[in-house]
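Protein chains in written order, with this note's numbering: chain S, 1 to 177; chain X, 1001 to 1080; chain F, 2001 to 2881.
These are computed hints drawn from the structure, not numbers from a lab. All values reported here derive from a predicted model rather than from experimental measurement. Take these hints with a grain of salt, some might be off.
[Unchecked claim] No more than 25 Å apart at the CA atoms, straight line, and that leaves these computed lysine-lysine pairs for BS3-like:
hint	chain 1	residue 1	chain 2	residue 2
1	S	K24	F	K2640
2	X	K1065	F	K2640
3	S	K24	X	K1065
[What the hints assert, rightly or not] Derived, one-sided and incomplete: chain F residues facing chain X with beta-carbon distance under 7 Å:
hint	residue
4	Y2218
5	D2219
6	D2220
7	L2222
8	D2595
9	Q2633
10	T2634
11	E2635
12	R2781
13	R2785
For glycine and all other residues, C-beta sits at the position ideal for the given N, C-alpha and C.
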Amino acid sequence: MVEITRLPDATLITVRCSPAVLDKADLPAGLIFPRDANRFATVETRRILWAGPDDWMIVDERDAAPDLLAVLEEIFATHHVAVVDVSGNRVRLRVSGRGARELMNRACALDLEPPSFATGHCAATFVARTQALVMQVDDTPCYELLVRRSFASYLADWLVTAARGLEPLTGAQPFPG
Amino acid sequence: MLTIVCPHCGARDQTEFRAGGEADRPRPADPFALTDAEWADFLFMRGNVMGLQRELWVHAAGCGKWFSLTRDTRTHRFAP
Amino acid sequence: MRVALGGTRIDRSRTIHFRFDGRTLAGHPGDTLASALLANGIHLVGRSFKYHRPRGILSAGAEEPNALVTIGEGAFAEPNSRATMVELYDGLVARSQNAWPSLGHDLGAVTGIASRLFPAGFYYKTFLGSSRTWTGLYEPLIRRMAGLGPAPTAADPDAYDKVHAHCETLVVGGGAAGRAAALEALGQGRVILIDEGVATPPLDGVRLLNRTTAFGCYDDNLVMAVERVNDHLPPGERRGPRQRLWQIRAKRIVLATGAHQQPLVFPNNDLPAIMIASAGLTYLRDFGLLVGRRIVMVGSSDAADELRAAGAQVIEVAAIAAAHGRKRVASVTDGQGTRHRCDAVLMAGGWQPAVHLHSQIGGRLSFDPARHCFVPVVDPSRARLIGACAGDVPVDRPSAPVAGPNAFVDFQNDVTLADIDLATREGFVSVEHLKRYTTTGMATDQGKLSNLNAITRLAHNLGGAPGSVGTTTFRPPYTPVTFGALAAHDRDQFIDPTRTTPMHDWHVGQGAVFEDVGQWKRPRYFPRDGEDMRAAVRRECRAVRRGVGVLDASTLGKIDVRGPDAASFLNLIYANGWSKLPVGRCRYGVMLGEDGMVFDDGVSARIAEHQFLTFTTTGNAARVLDHMEDYHQTEWPHLKVWLNSVTEHWAAAVVTGPLARDVLREVVSDVDLSAAAFPHLSWREGRIAGHKVRLYRISFTGELSFEVHCDSRFARPIWEALLAAGERFGITPYGTEAMHVLRAEKAYVIIGQETDGTVAPDDLGLSWVVSKSKPDFIGKRSLARPELQRPDRKQLVGLTMDAFVDEGAQLTAGAADTVMLGHVTSSYPGAVDEKPFALALVTGGRQRIGTSLYAHFGGRSLRCNVTDPVFYDPEGVRLHG
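All chains, full assembly: derive it from the sequences and hints.
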């Protein structure tokens, strides 16, 4: 059974800077900014998503905003970098369980099968009819969505309603290999 | 519905993008150096090409970046 | 009638029952409705669209033009279903269409008798008279007489599914060629095989979609298909969605869609029991039935021997000059003039490859003279075609059309050979005009059994080669698709996303009446004790003017602008200047388009030397950010500034009214709220209920006003703390309706209400906002255009009058004048005294202050006095408190 869960709010920080600045900055071990498009890195409770060529989103499950903001502001102090607390901007939804990918295929036009999309991949795209960041967080597959707060009720309701139509699935055997 | 290749994010459905019209028409650096007619031309007139057109797109639902592509307005195909 | 031979698709051991036009009949599992009717000897299944001629089943497949029936009842009824595609189930209910009082005795047949009065395009030459004769007489008559099945009026009660799929190879068509191609493609990744029918067996490793029609092929190999998941089951046994829409992106497409055998054209070729030859064979092989006992076969076909073996008498003729009969064919006259009695006719016309999907994506066609059909031109960059649809059909020369009365070309739209000839005589010589003038090819069957005959007749009439006139555009869908499948999940409350603020549930709990502001749900007013809107708004407005009100303003757009060039960037974006705004202060800004017209307005605050927070209108939040990013990325990338949306990070509550400060004193810590320490248009940071908040002194009501902004994760406790603190001051939640009235009294414009893209700053009395010293900003050059200097531009004024005037009412100088000078943009009862007032844009408005105008609306006119647009506290004493 597919499950749609609202996860607790996290600290969300947008970091805007050019990749060249990341090369020069003195980053501690726990802060990994993925340089490849559409990937995210996980270190303990913190994920950092690539959201664009000069755009990263930090998702930290601890209520860490003041500390993390201060740390980042100091690291980037002499550079043209924006470190912005956007914790209220998005709500976290998890889509998991049997049929998670089948449900996501109703909501999302991306090719979600490996190798096009796999654990560690993320994408900013449309989910149902709202924009969201989609991450695959494990191989089950299990997905986490970051949706704008005002659209969260709509998206959760939409997913729950669409999930009702999942059984029976046509040609339900997975592609071989 | 077209597939558009964002230079940063890769191939995505057209619905993730917004068209920005003809490319290569920079805003004049000194607008007051233009006559009213020239300024109106910049504001309102476009080439409306039948054939290959260079045009602007923005990956609105994705990375938010603007880029240019060349598209054949007869077949909708993008030039590689 | 059923015979012992054949019947590979039916299960003869079981009998099921169905109803057609009230009659209970028997069939077998595996039958279609068409085969079951034929097995019961029923050929008359409908009446044609225009002439109400008796019609029977012409084919055995999706190309069927005649046998359109309504399946199901009530809200589940589906009109115009092709009986050849309806899978029979026990208890199925079907009704014929377009006949009254009955199929057998249809009064509409009078149009058939008078058919010479109703040739193609007759409506361009008749129905003359006044427009009232059209709406009162002709149109209702036509609606009753013409048409197919009536649509249900209740909402579609079925659920539908819609899914995205991706593969490396998509094969359309599960016949031998398609199956071979699917297996061959397995080495190259994922394979999806789509087949319209039910009988395709699974293929190992291939994702097979049965009962699925690929109805459209679009750019970049997007194929849309509809899967009939549950239509073949009795309603009680259906589980899950009725149908499923597939949106498939394939790296490669292979089309194996086959070909359609075409009818022949001769007088009365539309009589029931005149059928396509290959259909006669299909009904024998698949369903074990003969379509007649004494069959005339015209044209070459191998079917004759098989039909004889099954027990039919088959008379083969080379050509037919005419068919005869009333509700079923009874005899034919052959090309030699000999009459043959019969109870069925099988026509072996040529084969037309099913090239629709190829053509939809721009594939070209060429005419093959040997096969007398259009074949696809191979194009390696598009879909690959194999089998019959690629042109691999028998070389044949079908017999020529025979002119005469009732020789049909397009069965579903009742278009005859005479209509095609008439169109040519009248000068409609382009194939596009032929189609539109005669309507040939425009019915729900999209010309599958008519386009070839129509086009070749046109070419013949013009004296050219058969393929010389070309074809018309093929458009999706290949066969009709129900709206439910296209909408799938996006229906009812999901038709558009709904946006809610963090305080939404609180508003619902208070019984707020909501309005839609774009996609947002915003409280419009909070009725108490059975108040209507007028009473609630009166109470809310008075509370704000005399006490204290609170408004959820979370929907406001908020953009974080930071970097060394933040002020320079905003200087280019806005008409006013930002460089000198001190940290801690706010300023009202107006944003123009490059054409000089007002695009958005709002307050921006300087948070730090290199950081601003820009507020935009709710409706323009995304547009303003897009506009800023556009200019930053494409025009001024050298400016060091970052733009980030924080619209949803910050929730906002407006606390406004003479008692606003008193309420905040109860609940805000770390801020000196006094007027001296915290002046109008500045901001401070403090705490409420343990959470950080930012307070902005910005007023949209004209009263002392504080906007309380907080992290939306904590909005609810902060909102409730404000309400609790305000209780003893009578704090009153108010909605957008009261908000509109209060701001209108101050002439604070609302983008999209006082502006429409053609209104410039000076028109609104806002030239004080426009910087004189900045060398450049978006819109500056256009303000110097002659158009924006005209003295007769429309200008914002106020109006007072004795009764309410509609928004949008036109304004003239005299009561009987017809020259429009302007219009009413906003109209309300006064906040405290409830007297009607309005804002308007009027030519040379400011010169007209002190005079009067007439407002016209709803068939009446009303005298209005033109006034200054600011009705309340013009000195601004109250908001500076």
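Here is what the structure says about each hint:
1. S:K24 - F:K2640: With a Cα-Cα distance of about 18 Å, the restraint between S:K24 and F:K2640 holds, given a limit of 25 Å.
2. X:K1065 - F:K2640: holds, 16 Å
3. S:K24 - X:K1065: holds, 24 Å
4. Y2218: OK, holds: F:Y2218 within 7 Å of chain X, min 6 Å.
5. D2219: holds, 5 Å
6. D2220: holds, 4 Å
7. L2222: Nearest chain X Cβ about 6 Å off; hint holds.
8. D2595: holds, 6 Å
9. Q2633: Since the shortest Cβ distance to chain X is 5 Å, the answer is holds.
10. T2634: Given a least distance of 5 Å, the restraint on F:T2634 holds.
11. E2635: holds, 5 Å
12. R2781: holds, 4 Å
13. R2785: holds, 6 Å
The structure meets every hint from the earlier list without exception.
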